[in-house]
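Peer 1: Residue strings, one per chain:
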Amino acid sequence: MSRTNIRLRSLNLSSENTAFAHQFDSAEQQQESATLGMWLFLVTEIMFFGGLITCYVVYRNLYIDGFIAASKELNLWLGAANTAVLICSSLTMAMAVHCAQLGKRNATVLFLILTVILGCAFLGVKAVEYHEKFTHHHVPGPNFHFEEAEYARPAQMFFSLYFAMTGLHALHMVIGVGLMAWLIYHASRGRYSPQYYAPVEMCGLYWHFVDIVWIFLFPFLYLIGGH
Amino acid sequence: MSTGHVVSVKIYIAIFVALMVLTFVTVEAATHDFGELNTVIALTIACIKATLVVLFFMHLRYSERLIHVIVVASFFWLALLIVITVSDYFSRGWLPVLR
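In order, the protein sequences belong to chains U and R.
Its first residue numbered 1, the first sequence is counted upward by one per residue in the numbering used here.
Its first residue numbered 1001, the second sequence is counted upward by one per residue in the numbering used here.
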């Protein structure tokens, strides 16, 4: 970027009425472009998780009895609690975007901090569940042991998918918490205004997407057959 | 003036309550044995919850048409991936193999 461009950009951002980069016609167009780009990224994410979901659908239907037996080993209540925690975090994230749109700096920071706390609570519960899997030898590998021997192989497949899907989801959560920390830093310094809050909105889209992934993982993994 | 549509707090709270109630319903339904229907109930509720999040928390309801097209196309593509793969796996052996 040339020096003139940088100067033009800073001029644009410093003026109250034209808070957009010089390549856009208006702040609305800039916002729409960011939203479009973010949704395109989320489409690739849907297909990313889609591969795992397809794999899950095929094996679940091939080995339904083994999957039911293995699913019963998961703690339904911890899974349900985590679902509730994520829904709460989606609300606080939506509120953070709402406050950023209205230019309420302190409220934005507060809701972002709440989102981080709830995100960490989710990861904490997940860590407890993972620990349980290790102590019960439910981690796929040479030490894998399943009580009902006839289902040992499909159960190992179930737990492989369990760790792959929840692990990938947890990685997204960790990245999300990192993004929140970045937003909190900039929001507390007054970087965002009703004219420019795209980063808050885009990280919000990402956070809600991760919530949606869990909304599907919960019934896929925890709610197979009657408990 | 904000550059985007500002959704009222009331709507967010209503969606939040709906999501919590649906979570409770899905967990409650899972503690009963409905046979095949368990899966149908769980997935229907998950789809309703995801739709609520996408429409209101992700502001899709207030976005322009282009975003709608992208979202619908992505789920169509996901459906293609799943339906074609599954139809291959579960139609094997339906026809005698010519040797």
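Hint data in this document are derived by calculation from the structure and do not stem from the laboratory.
Nothing here was measured: the structure is a model prediction, and the numbers come from that model.
Warning: the hint list may mix true and false statements.
Which stretches of chain U does chain R cover? Using the computed rule of at least three CB atoms under 8 Å from a CB of chain R, they are [claimed, not checked]:
{"id": "1", "segment": "56-63"}
{"id": "2", "segment": "128-135"}
{"id": "3", "segment": "211-224"}
Selected chain R positions facing chain U (in silico; Cβ < 7 Å) [to be verified]:
{"id": "4", "residue": "ALA1046"}
{"id": "5", "residue": "ILE1070"}
{"id": "6", "residue": "TYR1089"}
{"id": "7", "residue": "ARG1092"}
{"id": "8", "residue": "TRP1094"}
All residues carry an ideal CB built from backbone N, CA and C; glycine is no exception.
Peer 1: Does each hint fit the structure? Answer for all of them.
Peer 2: Each hint, compared with the structure:
1. 56-63: The restraint on the segment 56-63 of chain U holds, since 4 of its residues have a Cβ under 8 Å from chain R and three suffice.
2. 128-135: violated (count 0)
3. 211-224: holds (count 9)
4. ALA1046: Nearest chain U Cβ about 5 Å off; hint holds.
5. ILE1070: Holds: closest Cβ of chain U sits about 5 Å from ILE1070 of chain R, inside 7 Å.
6. TYR1089: Where the cut-off is 7 Å and the nearest Cβ of chain U is about 5 Å from TYR1089 of chain R, the hint holds.
7. ARG1092: This interface hint is violated because 11 Å lies over the 7 Å limit.
8. TRP1094: violated (15 Å)
Figure legend: structure checked against the earlier numbered hints; hints not met, in rising order: 2, 7 and 8.
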